[in-house]
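Enquirer: Construct all of the structure, not just a fragment, from the sequences and the given hints.
Numbered by the numbering used here, the letters in the sequence shown go through residues 55 to 314 in order.
Quick caveat, the hints were computed from the structure, so don't treat them as lab data. The structure displayed is predicted, hence computed values, not measured ones. All C-beta atoms in this analysis are idealised placements derived from N, C-alpha and C, irrespective of residue type, glycine included. Incorrect hints may have been included.
So the derived label-pair ranges between C-beta atoms look like this [stated by the list, open to error]: (1) 93 <-> 250: 41 to 49 Å; (2) 67 <-> 215: 45 to 53 Å; (3) 67 <-> 292: 47 to 55 Å; (4) 117 <-> 261: 18 to 26 Å; (5) 252 <-> 213: 41 to 49 Å; (6) 93 <-> 251: 41 to 49 Å; (7) 94 <-> 296: 43 to 51 Å; (8) 107 <-> 260: 15 to 23 Å; (9) 159 <-> 67: 40 to 48 Å.
Simulated pairs of lysine-lysine, DSS-like, Cα-Cα distance not exceeding 30 Å [to be verified]: (10) 185 <-> 242; (11) 185 <-> 249; (12) 242 <-> 294; (13) 185 <-> 294.
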Amino acid sequence: MTEEAKMPKRRRGIYLLPNLFTTAALFAGFYAIVAAIGGRFEAAGIAIFVAQFMDGVDGRVARLTNTQSDFGVEYDSLSDMVAFGLAPALVVYVWSLSTLGKLGWLAAFIYTAAAALRLARFNTQSETGDKAYFQGLPSPPAAALIAGLVWLSSDYDIQGEDIRYLTFILTLGAGLLMVSNVRYYSFKDIDLKGKVPFVAILLLVLIFVFVSIDPPIVLFAMAVTYACSGLIMTLLQVRKRRAQRRAGLKEDAAPAEDEE
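Expert: Structure below.
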């Protein structure tokens, strides 16, 4: 028998557990589109948040159970495109941007295209980039900005037509942040397998209680805070680099004055 014949055949198939959560995220994104078409915008916004939760779980589950695969990576990327690219754009267009005519669907398209470009850039840089930070606003938080505004407005009986210009700015801004070079903390360095202090569990309980007080307001506020955090961090880094350059120029100028 040849060596190839002695080698055990590789079992073909896919891992069920992580891809089950990915499928749930894809379903939630698709349901958001269907709900928006039916005029149930509150349900559409909630569905996108459900998709975001499922998307956060599938990767963690894959790493904890050692069931990562190339298929899972590609499937997750396609699911993200539907749940966080196409679904938010269609939901916000049906809810508000359609009243702006051409400007409305152009803003929705820019958001969708930005989500696709953001995912493509992430897939090509995932092996070489800094794991602690994302380059550009990730698509799930960008979708949370859109879904949070829709859910919050629906909960307080605010019509999309009444805030169409605010919606236009938010949609366009979320799209541009996704393809920007603004750095965002990824939270990937948090060790879920290791032990944590008792205070960490208490903090987690307080977060759940805080969210349950008024979910649409709290979740939207969290999305806005995260989106602004990258901008603030980038501005601080720019100021720090400028200060270092000025300090370097002063040090270079000092020896020249001494020589004179």
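Enquirer: Which numbered conditions among the earlier hints are violated in the structure presented, ordered from lowest to highest?
Expert: none
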